[in-house]
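Chains as they are written, first to last, in my numbering: chain A, 26 to 313; chain B, 172 to 479.
Hint data in this document are derived by calculation from the structure and do not stem from the laboratory. Note that the Cβ used here is the ideal one computed from N, Cα and C, for glycine as well. Wrong hints could be hidden among the right ones.
As the list claims (entries may be wrong) - With a Cα cut of at most 20 angstroms, we get these calculated SDA-like pairs of lysine to any residue:
#  : chain 1 : residue 1 : chain 2 : residue 2
1  : A       : K171      : B       : I213
2  : A       : K171      : B       : I201
3  : A       : K171      : B       : V473
4  : A       : K137      : B       : G186
5  : A       : K137      : A       : L149
6  : A       : K137      : B       : Q223
7  : A       : K139      : B       : P195
8  : A       : K139      : B       : R187
9  : A       : K171      : B       : V356
10 : A       : K137      : B       : S206
11 : A       : K171      : A       : F223
12 : A       : K171      : B       : P382
13 : A       : K90       : A       : I65
14 : A       : K137      : B       : I274
15 : A       : K171      : B       : I203
16 : A       : K171      : B       : Y190
17 : B       : K401      : B       : T432
18 : A       : K139      : B       : S206
19 : A       : K137      : B       : R187
20 : A       : K137      : A       : F223
21 : A       : K171      : B       : Y226
22 : A       : K90       : A       : I269
23 : A       : K220      : B       : I274
24 : A       : K139      : B       : I208
25 : A       : K137      : B       : V473
26 : A       : K139      : B       : P382
27 : A       : K137      : B       : Y190
28 : A       : K171      : B       : I274
29 : A       : K137      : B       : Y226
30 : A       : K220      : B       : F191
31 : A       : K171      : B       : I208
32 : A       : K220      : B       : P195
33 : B       : K401      : B       : I274
To be verified - Covered stretches of chain A (chain B as the covering partner; in silico rule of three or more C-beta atoms under 8 angstroms from a C-beta of chain B):
#  : segment
34 : 40 to 52
35 : 228 to 239
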Amino acid sequence: MKKFKLKKRRLNRSLGGDICINIFLLVFGCFMALPMVYAICTSFKPADELWVYPPRFFVSNPTLKNFKDLFNILDASTVPFSRYICNTVFVSVVGTGGHVILSSMCAYALCKFKFHGRQVIFNLVVLSLMFNTTVTAIPNYIIMSKLGMIDTLWSLVIPAFGSSLGLYLMKQFMEQMVPDAILEAARIDGAGEFKIFFSIVMRLVIPAWLTLIIFSFQGLWNLADTNFIYREDLKPLNYALNQILSGGVTRVGASSAATVLMMIVPIIMFLLSQSQIVETLATSGMKD
Amino acid sequence: MKKEKRIRSLKERNGRYGYFFVAPFALGFILIYLSVIADSFIFSFNEVSMGQNGYELSFAGLSGYRYALFTDPDFVQDTVSLIGTLLLQSPAIIIFSLFIAVILNQNMRGQGVFRAIFFLPVIMATGVVLKADMSNAMLESMEGASGIETGAAAAAGGFDISNIQSMLEGMYINSDVVDYIVNLVNNIYSIVNYSGVQIILFISGLQGISPSVYEAANVEGASGWDSFWKITVPMISPVIMVNVIYTVIDGFTRSNNTIMTLIDNIAFNRMNYGASSAMAWLYFAVVIAIIAIIALICNRFVFYQERD
């Protein structure tokens, strides 16, 4: 598709305003980036610098020792490192994919079809967003064990499918972005419901589901401990690293290296999908 | 009596597809989430103890609720103060994130990098990253004070909030307003920290506005200020509502807030699962009431493009 080239500078924007905005963003950006910069610096610090008081912000003699330590520790464990990575990638990718498809399907139906009980379903979903997860721990475990999903990766993936935040966001975005007229036009042209859903609705809400991918992937990648997995070779990377971190003071260096490693992937995911979002700017199909 | 075959309207026939689309999600949802929540409702009226098949229940009536409301010293008080804090913080978060999102939505260099930076707190606040001791200490020190008291960043620590306070008071501004502002400045890091998700939502909402609308306004002679209030805000108002609700829910269910820790503590340290379920349900009711009020108020201002 040939894209209409937008003018770089809008008429009513002044140079001074641009500079102000950039300075503002730089200042705030530095502020927000500080913790990450600090984490990265820490991961390159040799042992003596880690314990300097008051702590120094930047590293003066960078080494890769922390990373080597981390991999040594991981090598020493009974399960190979690649196994943990596979588990995590499986959980994040399958969980995210399923979640995005299922929740967009549901959201599409909830906002574009009129059927009995749709308001009830939507209300239940929104209400469940607000419920405290602590008190559901015991029944949760029992349901998982009745489904036979204890000690399988599905115990992490399946709940991700049904997480209600995605549905809520998708529904709100579809209400804003998908005009009824375009659906009617497609129906008159003879498109089936699935065709409409996959090639029109999903196309129109690309920014929404890319956003959803970011949230869901980020959450699953960094999944906090759950009570459903006890077998060592099924634990995701994050659990394994958590076990390392609980090694206490001697592992500070390795743990900061782990932090940096865990951070990189969500950030890359984010940058990738964000660049996609920008591309979708001019794809609106309506002329009214 | 003659049985007549009912003729379905087009809308009804299409409605059946609706069930089809909803089914997979609804099934999983009912199975995994709803049944669990229903169980916890039953727990709240019972004494929960360990038994042969997992757990045993003995009916205890309202004693769990009575414990939450009248016996526990912290529950009521903490809930009230939490509501106060969140209601004050939420508008600041929304305004800040809308502001940042509008800026980040402009055509400019380094857009992607800036967006990533503003999303960083969300990544930093989860999983291993949160647990890593050193950076965590760093985060805490940043959350605690408006300045950072560590090493090279000491220069930023020279900023003193009391100067602003006395200046504002000198201008005869209402002391409540001054307190509010001072409170915000003190919590600036947590406000910035909690607005990562909202910024992203706003940006994707802004992407949905067709540039031709702005072009038309521009041709008609509207200034940037005009088109912000007359185009951006109404067009994005559904997202504003989503964000308001998200912010409030996020604040209330954040796992490190006082009530959540209290409930956690009572469930697993004092092993009083019934009472903690009762507390969770009371808290749930309070949150629902607040969200309902907010949603009612917001709904009056939301503008849906396709509403007919």
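- [ ] Could you tell me which of the hints above the structure violates, numbers in ascending order?
- [x] Violated hints: 3, 6, 9, 10, 11, 12, 14, 16, 17, 18, 23, 24, 26, 28 and 29; rest satisfied.
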